[in-house]
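As a plain string of letters, each chain reads:
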Amino acid sequence: RKEVEQDPGPFNVPEGATVAFNCTYSNSASQSFFWYRQDCRKEPKLLMSVYSSGNEDGRFTAQLNRASQYISLLIRDSKLSDSATYLCVVNPDRGSTLGRLYFGRGTQLTVWP
Amino acid sequence: EAGVAQSPRYKIIEKRQSVAFWCNPISGHATLYWYQQILGQGPKLLIQFQNNGVVDDSQLPKDRFSAERLKGVDSTLKIQPAKLEDSAVYLCASSSPGRGYSYGYTFGSGTRLTVV
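For the protein sequence lines, the chains are A and B, in the order given. Quick note on numbering: the first sequence equals residues 107 to 219 in my numbering. Quick note on numbering: the second sequence equals residues 24 to 139 in my numbering.
In short, the hints are calculated from the structure, not lab data. In this text, all values refer to a predicted model and were calculated from it rather than measured experimentally. Hints are supplied without guarantee of correctness; some may be wrong.
Just the calculated beta-carbon pair ranges, DEER-fashion [as the list claims (entries may be wrong)]:
hint	chain 1	residue 1	chain 2	residue 2	range
1	B	Leu93	A	Ala173	44 to 54 Å
2	B	Glu108	A	Pro114	12 to 22 Å
3	B	Leu62	A	Ser187	45 to 55 Å
4	A	Lys108	B	Gln40	25 to 35 Å
5	A	Arg107	B	Leu62	17 to 27 Å
6	A	Leu152	B	Ser81	32 to 42 Å
7	B	Ile61	A	Lys185	25 to 35 Å
Glycine included, each C-beta is placed from N, C-alpha and C at the ideal position.
The task is simple: from the sequences and hints, build the whole structure.
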């Protein structure tokens with residue numbers, strides 16, 4: 107079983123739409139959770155960390171459900187510039203001393219005018 | 024702050040040939056990682072160094088892949104001999120303790136390897 111499972115999409119939405127991505131992780135002891143963004147032929151870049159209480163950064167909202175081992179990302183008022191692949195990422199190590207990251211396969215988003 | 028430097032950006036080799044990739048992490052970052060990203064998949068950790076010691080190489084195909092980080096700064100990843108399935112982007116990343124190693128990641132722009 108993969109560490110992180112993610113629907114690859116693709117998601118094609120119009121500008122202004124709200125879109126949600128989900129993923130699940132297999133290791134219940136996982137400690138740190140992230141959403142990364144990867145543009146075509148570029149390296150992954152941190153979009154936001156995900157906390158149990160939920161957190162928001164502008165149009166982006168991330169949620170974590172530890173009981174269900176489920177992570178979500180909500181993008182409101184989509185912009186053309188949001189078109190990218192969104193990677194669900196988990197660090198399985200208690201204390202974060204190792205820093206290993208496990209990536210989902212990514213969900214591709216295209217926002218059209 | 025300068026980012027993580029990688030070279031070359033692109034490499035095309037024939038199967039059974041050898042290839043090496045180089046990475047220079049952010050200054051002061053003790054932890055360095057090599058990831059492999061096959062087209063359509065997320066990055067997969069190959070090896071993690073803490074200074075010049077290996078922390079985790081459980082997913083490194085050791086029959087053909089090797090990596091070193093002499094002096095705890097630059098690192099090289101080598102494939103010998105290459106197979107068609109090694110075609111991928113090889114990403115180097117470094118991190119600092121800060122609030123935890125997983126929070127302070129910076130990726131390099133990667134080396135795109137094509138094996139023909």
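Verification of the supplied hints:
no., hint, in the structure
1, B:Leu93 - A:Ala173: 44 to 54 Å, "holds, 46 Å"
2, B:Glu108 - A:Pro114: 12 to 22 Å, "holds, 20 Å"
3, B:Leu62 - A:Ser187: 45 to 55 Å, "violated, 23 Å"
4, A:Lys108 - B:Gln40: 25 to 35 Å, "holds, 31 Å"
5, A:Arg107 - B:Leu62: 17 to 27 Å, "holds, 22 Å"
6, A:Leu152 - B:Ser81: 32 to 42 Å, "violated, 24 Å"
7, B:Ile61 - A:Lys185: 25 to 35 Å, "holds, 29 Å"
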